[in-house]
Amino acid sequence: MTQETLLRQIIDYDNRADPYPLYAELRKTPVRQEGDELFVVSTYWEIKSLLHDPRISSDARNLSPGAAGTLLQEEEASPLPPSFLRLDPPEHDRLRRMTMRPFGPPETPRRIHNMRGELARIVTDLIDGFGDRKQVDIVDDFSYPFPVTVICRLLGVPREDEARFHTWADTIAAGLDPAPGQDAGEQHRVTQQARTELGMYLSGLIDERSGAPGDDMLSELVTQHGPDGQMTRAELLSTASLLLIAGHETTVNLITNGMLTLLRNPEVLGRLREDARLAVPLVEELLRFEPPVQLLPQRTTLADIDIAGTTIPEGASVWLVLASGNRDPQRFPDPDRFDPDRKDIQHLGFGSGIHNCFGAPLARLEAQLALTELTRRLDGPRLVEDPPPYRQNAVLRGPRHLNVAFDGLRS
Amino acid sequence: MRLVVDLNRCQGYAQCAFLAPDVFAMHGEESLLYNPHAEAAQREQVLRAATACPVQAILVEDPDAAPGAAEDELSHVR
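Chains A and B supply the protein sequences, listed in that same order. Residue numbers are given in our numbering: position 331 of the first sequence equals residue 331, and the series is strictly consecutive. Residue numbers are given in our numbering: position 63 of the second sequence equals residue 63, and the series is strictly consecutive.
It is possible that part of the hints are untrue.
Derived list of chain A stretches under chain B, where covered just means 3 residues or more per stretch with a C-beta under 8 angstroms from a C-beta of chain B [stated by the list, open to error]: (1) 137-144; (2) 209-222; (3) 343-355; (4) 360-369.
Take a look, some chain A residues computed to stay more than 12 angstroms from chain B by CB distance [unchecked claim]: (5) G104; (6) H166; (7) R195; (8) I206; (9) E267; (10) G315; (11) D336.
What the hints contain is simulated information worked out from the structure, not anything from laboratory work. None of these values were measured; they are calculated from a predicted model. Cβ atoms here follow ideal geometry from the backbone N, Cα and C, with glycine treated the same way.
Next comes chain A alone, as it looks inside the complex (with noise of 0.2 angstroms):
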């Protein structure tokens, strides 16, 4: 097998259901050169040490002209700057902490908390419109609304615009995973639409809120005077574009994956139907078995880097694959088995350094409440195909239908 054809592997939609066997062939190479200016790492500690790494970027503008043109590196032209995702210090964790400000600890330690009880209600009120179905689309009727309807609630977004903003998300969520033998051109098209729409709307609701701000997130982003200065409105737009592609793109696979994988092991579902407080351990351990990002492929160096006897370029592109040091046999014992009761658990599916993920404790309440609740209330639930459909996305991996059957729902 050559090296070239081991990536294209990955990427082949044929290999959507279960990359696993790939990774495990990466691994034998923990840094694989494929081509010029392209680096693939596969091991656990590898992939740590880099993201730890201060000579690695996540800015595009480091890559080499002649890395920029690899594999998935072609960017949306966008109007607005890079967001925090996209940045190194020091703008990155300026932009990061502003963004944080309204979100979480120091500042404002008690708002994921506090939304406990309104993701309570919106898991109940979309599992009990199911209605009498005995067969739904966990992704269209539950994982992909969930994580939207919830950014909405934390953003600010008005009730009666809550409809708007699903379909502006569905269309650009469609966009980043083409269907096969669909009009490129159109396809980009109609995504464009959909991005402007939103940005415009973005600027009308920040337009709203710096006039009458409310306790939501967004009020507080704009009109907030920290000792980081206030956002650019185009930082406010990049920052709200990130917080709501970001925050329901990856939701919706790690509550599916979960759902797919309670099924597959019906007695760790018995489980979770019988004691909730298993939940929080087995959301941990699916963040190791199947991350809804599967790799990270917008890394670069900035100075050559010599790591498992191999010496990465200036301006390559590096991709790490989280995914695979999540199964690295050297750093967890039997790592193709999925054990919720593993003690150590120290998995990569947030990421780990400064660009670990921002959203990691809204989506493990969102994961925790999600898993529990549809287990407790589906009677009999079982896959009516296995694998099911999956998206083209090789990235941000997970099922694009999950059909469950199932005998009737439970109060």
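With chain A's structure known, arrange chain B on it following the hints.
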């Protein structure tokens, strides 16, 4: 219940301060304050925080004890 945080391990990810704000608090961006004798009623919060810690720096005495008087927070959904 007693708990201890290994502050040599702690890297300020703040997951505990999000998930158990009655027990853990961030002082500035990096230093952590916590109550080493948390109330039994906070057991669920503490276990949630300890499990989520990315560097596994939180040690909880007798984590498998019954929740006692503490009502399981997830049961509010029911």
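We went through each hint and held it up to the structure:
Counting residues of the stretch 137-144 of chain A whose C-beta sits closer than 8 angstroms to any C-beta of chain B gives 0, which falls short of three, so the coverage hint is violated. For the stretch 209-222 of chain A, the stated coverage by chain B is violated: 0 residues have a C-beta nearer than 8 angstroms to a C-beta of that chain, whereas at least 3 were required. Only residues whose C-beta sits within less than 8 angstroms of a C-beta in chain B count toward coverage, and the stretch 343-355 of chain A has 5 of them, enough to reach three; the restraint holds. Using a Cβ-Cβ cut-off of 8 angstroms, 6 residues of the stretch 360-369 of chain A lie near chain B, which meets the minimum of three, so the contact claim holds.
Consistency note on G104(A): stated as away from chain B, yet its beta-carbon is not over 12 angstroms from all of that chain's, at 5 angstroms minimum. Separation of H166(A) from chain B is adequate, the least Cβ-Cβ distance of about 23 angstroms exceeding the 12 angstroms criterion. Every C-beta of chain B lies more than 12 angstroms from that of R195(A), the closest at about 30 angstroms, which supports listing it as non-interface. The non-interface label for I206(A) is consistent with chain B: the shortest C-beta to C-beta separation is roughly 26 angstroms, beyond 12 angstroms.
Distance check for E267(A) against chain B: the nearest CB is about 19 angstroms away, which clears 12 angstroms, and the non-interface claim stands. Every beta carbon of chain B lies more than 12 angstroms from that of G315(A), the smallest distance being close to 29 angstroms; the non-interface claim holds. At roughly 22 angstroms from the closest C-beta of chain B, the C-beta of D336(A) stays outside 12 angstroms, upholding its exclusion from the interface.
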